[in-house]
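Q: The listed protein sequences correspond, in order, to chains A and B.
Residue 1 is where the first sequence starts when you use my numbering, and the numbers rise one by one after that.
Residue 1001 is where the second sequence starts when you use my numbering, and the numbers rise one by one after that.
Hints were generated in silico from the structure; no laboratory data involved.
Every value quoted in this text rests on a predicted model; they were computed, and no experiment measured them.
Mixed in with the good hints there might be a few duds.
Said to hold, decoys possible - Dumping the calculated SDA-like pairs for lysine to any residue here, alpha-carbon to alpha-carbon at most 20 angstroms:
(1) A:Lys297 <-> B:Pro1266
(2) A:Lys240 <-> A:Val151
(3) A:Lys100 <-> B:Val1353
(4) A:Lys100 <-> B:Ile1346
(5) A:Lys240 <-> A:Ala187
(6) A:Lys100 <-> B:Ala1352
(7) B:Lys1100 <-> B:Val1063
(8) A:Lys251 <-> A:Asp350
(9) A:Lys100 <-> B:Val1063
(10) A:Lys100 <-> B:Leu1335
(11) A:Lys100 <-> B:Val1349
(12) A:Lys100 <-> B:Glu1265
(13) A:Lys100 <-> B:Leu1341
(14) A:Lys251 <-> A:Lys100
(15) A:Lys100 <-> B:Lys1100
(16) A:Lys297 <-> B:Pro1262
(17) A:Lys321 <-> A:Lys100
(18) A:Lys297 <-> A:Leu198
(19) A:Lys251 <-> A:Gly114
(20) A:Lys100 <-> B:Pro1266
(21) A:Lys240 <-> A:Ala293
(22) A:Lys100 <-> B:Leu1343
(23) A:Lys100 <-> B:Arg1354
(24) A:Lys100 <-> A:Glu120
(25) A:Lys297 <-> B:Leu1335
(26) A:Lys100 <-> B:Asp1344
(27) A:Lys100 <-> B:Ser1300
(28) A:Lys321 <-> A:Gln358
(29) A:Lys240 <-> A:Gln253
Unchecked claim - To give a feel for the contact side, a few chain A residues facing chain B, derived at Cβ under 8 angstroms:
(30) Arg99
(31) Ala102
(32) Glu120
(33) Phe121
(34) Phe200
(35) Cys218
(36) Met315
(37) Asp350
(38) Glu354
Glycine is no exception: its CB is placed at the ideal position from the N, C-alpha and C atoms.
Okay, here's what each chain looks like letter by letter:
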Amino acid sequence: MSGPEEGRDPQSVGRFDVPQQVPAPDAEPARRNGHRPTAQAPPTPTEPPASITPPAPSAPRASTPTPTPTSTPADEVDAVLPGGTEPAVSDRPGDHWDRKVANGLAFLRRRLSGDYEVDEFGFDSELTDAVFHPLLRLLYRDWFRTEVSGVEHVPVDGPALVVGNHSGTVALDALILSAALHDKHPAHRYLRLLGADLVFRMPVVSELARKTGGTVACNPDAERLLGGGDLVGVFPEGFKGIGKLYADRYKLQRFGRGGFVSAALRTGTPIVPVAIVGGEEIYPMLADIKPLARLLKLPYFPVTPTFPLLGPLGMVPLPSKWLIEFCPPIPTAHLTDSADDPLVVFNLADQVRETIQQTLHRLLERRPDPFGP
Amino acid sequence: MTPGGTSGAPGVVVVTGVGRYLGAHVAARLAADPRIERVIGVDAPDSGTEFTDLLDRVERIRVDSGSLGGLLADLDVDAVVHLALVTSPDPQHGGRSAMKDQNVIGSMQMLAACQRAPRLRKLVVRSSTAAYGVSFRDPAVFTEETEPREVPRGGFGRDILDLEGYVRGFRRRRSDVTATVLRFAPFIGSTADTTLTRYFSQPFVPTVFGRDPRLQFLHFDDALEVLHRSIVEDHPGTYNVAGPGVLSLSQAIRRAGRVAVPVLEPGLSGAAALARTMGFGRYGLDQVDLFVHGRVVDTSRLEQEYGFTPRSTAEAFEDFIRAHHGGVVVTRGQLAAAEQLVLDGIRQVRSAVRERSS
């Protein structure tokens, strides 16, 4: 049985469990329960598997009832390793799939017995790592082919306010941004998103938002997160940004009252503008049925080429090409006293807005075809 | 003397609501403190005799709250601990109207009596984190300065808002009295018997569909400790009192080995309203709102001022689970055994397949 420490980080476990030193060809292979000796000559990792590996160990592997492979970090780690070690490892109970099954079961047990931690905002890092980020990873890496640049502008530790442009009818860009930032950033930081109160009004959605680290967009929460040294993500355009028509794509909307700026000023946190290209094309909004929106108490009711025409099928986002660029941080530590000065706040908000808008234009030139490779 | 205390302990202390669990325990604890000369327990004339053995060192006076004024002046009272609050309507004792009588009218008369007590130096009032109300625009963590955005639907929440309003008025009129308002998170522990502990004791626990509120609990013993310190030390102001840390409702139910039964929110509100009008059950809109929104408070002010940190929400809940293991549906041992069984099963199947095909 694998303990909770063992199951915590599949990546590190994966690295650790792979034999660091390859035994001599005639050495007795290490076995956990004396199950079945491996082939006489275990292959060295540098050699191609086909030439040396006897067919016997690889044949049962093909017929083993293993679960279908999924894309997980552990997979990547194994893929990096030379293929030669695979057969030697796989026919012991301590092999790759056994480890995966054991980790999965341990995870399930921890979830079912409530053995995990939730922070005061409701953020469940274990669930986010194990469930939400792998799903989002599929979406941003394989479906949207996202390219991320400028991650070095996001501080490795300490607070920062990441301010982005909002788009896409459904606020998918916020989730993609947080997952991509977590994967690409050297410190694997979580982006704590600030969401509109409509998100927290809806059952299920509100809990998904909280579990993935989101909270209500209000100054007390923003300042509390920043004061705790967290990375906070905010989209000041709000519904004006995601609910704009396709004709207005990549035109930044008004930045509201600049509440995000005063939160940053009060805590002396640097502001990192981020430009996201690709979100506008996933659900191109051709029209907005306002009476229906009013009836459903929504900010807008979108009509896209596929929705509501194709029904649930219209929920599938179009596979646009995404580019995300983080811009150099704007320091605010010297402006802490002017958090209530509307002039300073508006100027700073304008500066952030201009930076994002210009970066958007530059990125759009780099991406002539929205659905290109 | 612990840090924060400036003046000595008061001589004569009046504790209200000694006919109830919290009041009885606080009165007994104060009576056991040698620094306090006299502890007088005040309660309504029709209160039960549940805690008489606990209160043998407490002078008990049964009086209705209207005639409290003369009493406090006659007794030369130094300190008053006001704990006579009803958290949920009790159908056996008059339901919601009696609850409101007790919480609002009773507290008003209590404060009026305190105002006329010449020797009074200290007033400690039990409040609740329900004072923050519920709203979807609420910040995730309430500090003492957070103003409620919406008046709560539940009766207890509204009563608490009224009560705190009266205490503010009292503070203005009697600025010489050290007034302490303690906003308690829901009590839990091995012995406490509250609406919430009864809720978590059931094997199948109803929850609101699509909501997983963040909850905080306060261990009952820590509540006693804070109340005790508030009397023997001087801590003017309003304080959140809760166990640090957070448990989500689903997590708490799983830790307790119970099974959650999600119910649609309108159905639950309707059921709560129905239960109230039919006169059974003690779940009201207060509970429904708590289970939709959750409630988390910042306790750093308490920790600084009192130099005391209550045990964490998770520890307090653990203590509760240990005492209430009766209705457990799934235990940790069972889960671990099931995990081992499934793992062994998969290993056996895999090795069998491998043996056969090799």
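Q: So, for every hint listed, does it hold in this structure?
A: Checked hints:
1. With a C-alpha separation of about 17 angstroms, the suggested pairing of lysine 297 of chain A with proline 1266 of chain B holds against the 20 angstroms cut-off.
2. Distance hint between lysine 240 of chain A and valine 151 of chain A is unfulfilled; the C-alpha atoms sit about 27 angstroms from each other, more than 20 angstroms.
3. With a C-alpha separation of about 18 angstroms, the suggested pair lysine 100 of chain A and valine 1353 of chain B falls inside the 20 angstroms cut-off, and the hint holds.
4. Taking the CA atoms of lysine 100 of chain A and isoleucine 1346 of chain B, the gap is about 12 angstroms. The hint holds against a cut of 20 angstroms.
5. This hinted pair does not check out: lysine 240 of chain A and alanine 187 of chain A have alpha carbons roughly 33 angstroms apart, beyond 20 angstroms.
6. This hinted pair checks out: lysine 100 of chain A and alanine 1352 of chain B have alpha carbons roughly 19 angstroms apart, not beyond 20 angstroms.
7. A C-alpha spacing of about 18 angstroms is found between lysine 1100 of chain B and valine 1063 of chain B, which places the hinted pair at or below 20 angstroms, so the restraint holds.
8. Distance check on the hinted pair: lysine 251 of chain A and aspartate 350 of chain A sit about 14 angstroms apart at the alpha-carbon level, within 20 angstroms; holds.
9. Between lysine 100 of chain A and valine 1063 of chain B the CA atoms are separated by roughly 68 angstroms; this puts the pair beyond 20 angstroms, and the hint is violated.
10. Of the supplied pair hints, the one linking lysine 100 of chain A and leucine 1335 of chain B holds, its CA atoms being roughly 18 angstroms apart against a limit of 20 angstroms.
11. For a cut-off of 20 angstroms, the pair hint linking lysine 100 of chain A to valine 1349 of chain B stands: about 16 angstroms separates their Cα positions.
12. Taking the CA atoms of lysine 100 of chain A and glutamate 1265 of chain B, the gap is about 38 angstroms. The hint is violated against a cut of 20 angstroms.
13. A hinted pair counts as satisfied when its Cα atoms are at most 20 angstroms apart, and lysine 100 of chain A with leucine 1341 of chain B qualifies at roughly 16 angstroms.
14. With a CA separation close to 46 angstroms, the supplied pair lysine 251 of chain A and lysine 100 of chain A exceeds the 20 angstroms bound.
15. Between the alpha carbons of lysine 100 of chain A and lysine 1100 of chain B the distance comes to roughly 57 angstroms, so the proposed pair goes past 20 angstroms and is violated.
16. For the given pair, lysine 297 of chain A sits about 25 angstroms from proline 1262 of chain B by alpha-carbon distance, which is inconsistent with the 20 angstroms threshold.
17. At roughly 33 angstroms between alpha-carbon atoms, lysine 321 of chain A and lysine 100 of chain A are farther apart than 20 angstroms, so this suggested pair is violated.
18. Distance restraint check for lysine 297 of chain A and leucine 198 of chain A: the Cα-Cα separation of roughly 10 angstroms lies within the 20 angstroms cut-off, and the hinted pair is therefore satisfied.
19. For a cut-off of 20 angstroms, the pair hint linking lysine 251 of chain A to glycine 114 of chain A is broken: about 45 angstroms separates their Cα positions.
20. Annotation: proposed proximity of lysine 100 of chain A to proline 1266 of chain B is violated, straight-line Cα distance about 42 angstroms (limit 20 angstroms).
21. With a CA separation close to 14 angstroms, the supplied pair lysine 240 of chain A and alanine 293 of chain A stays within the 20 angstroms bound.
22. At roughly 11 angstroms between alpha-carbon atoms, lysine 100 of chain A and leucine 1343 of chain B fall within 20 angstroms of each other, so this suggested pair holds.
23. Proposed proximity of lysine 100 of chain A and arginine 1354 of chain B is supported: the alpha carbons are some 18 angstroms apart, at most 20 angstroms.
24. For the suggested pair lysine 100 of chain A and glutamate 120 of chain A, the alpha carbons sit about 31 angstroms apart, so the restraint of at most 20 angstroms is broken.
25. Between lysine 297 of chain A and leucine 1335 of chain B the CA atoms are separated by roughly 44 angstroms; this puts the pair beyond 20 angstroms, and the hint is violated.
26. Proximity of lysine 100 of chain A to aspartate 1344 of chain B is assessed by CA-CA distance (about 14 angstroms); at most 20 angstroms being required, the pair is judged to hold.
27. Taken as a hint, the lysine 100 of chain A and serine 1300 of chain B pair is broken in the structure, with Cα atoms around 42 angstroms apart against an allowance of 20 angstroms.
28. Proximity of lysine 321 of chain A to glutamine 358 of chain A is assessed by CA-CA distance (about 19 angstroms); at most 20 angstroms being required, the pair is judged to hold.
29. Under the criterion of a C-alpha separation no larger than 20 angstroms, the hint pairing lysine 240 of chain A with glutamine 253 of chain A is consistent with the structure, at around 6 angstroms.
30. Annotation: interface hint on arginine 99 of chain A violated; nearest CB of chain B at approximately 11 angstroms, more than 8 angstroms.
31. Of the supplied interface hints, the one on alanine 102 of chain A holds, with its beta-carbon coming within about 6 angstroms of a beta-carbon of chain B, less than 8 angstroms.
32. The beta carbon of glutamate 120 of chain A is positioned within 8 angstroms of a beta carbon in chain B (closest approach about 5 angstroms), and the interface hint is therefore held.
33. The interface hint given for phenylalanine 121 of chain A is met, as the beta carbon of that residue sits about 5 angstroms from the closest beta carbon of chain B, less than 8 angstroms.
34. Given the 8 angstroms rule on beta carbons, the hint for phenylalanine 200 of chain A holds: about 5 angstroms separates it from the nearest Cβ of chain B.
35. Here the hint on cysteine 218 of chain A is kept, as its CB sits about 5 angstroms from the closest CB of chain B, short of 8 angstroms.
36. For methionine 315 of chain A, the interface hint is violated, since its Cβ never comes within 8 angstroms of a Cβ in chain B; the closest pair sits about 19 angstroms apart.
37. Contact between aspartate 350 of chain A and chain B, as hinted, is not supported at the beta carbon level, the nearest pair being about 27 angstroms apart and thus beyond 8 angstroms.
38. The beta carbon of glutamate 354 of chain A is not positioned within 8 angstroms of any beta carbon in chain B (closest approach about 30 angstroms), and the interface hint is therefore violated.
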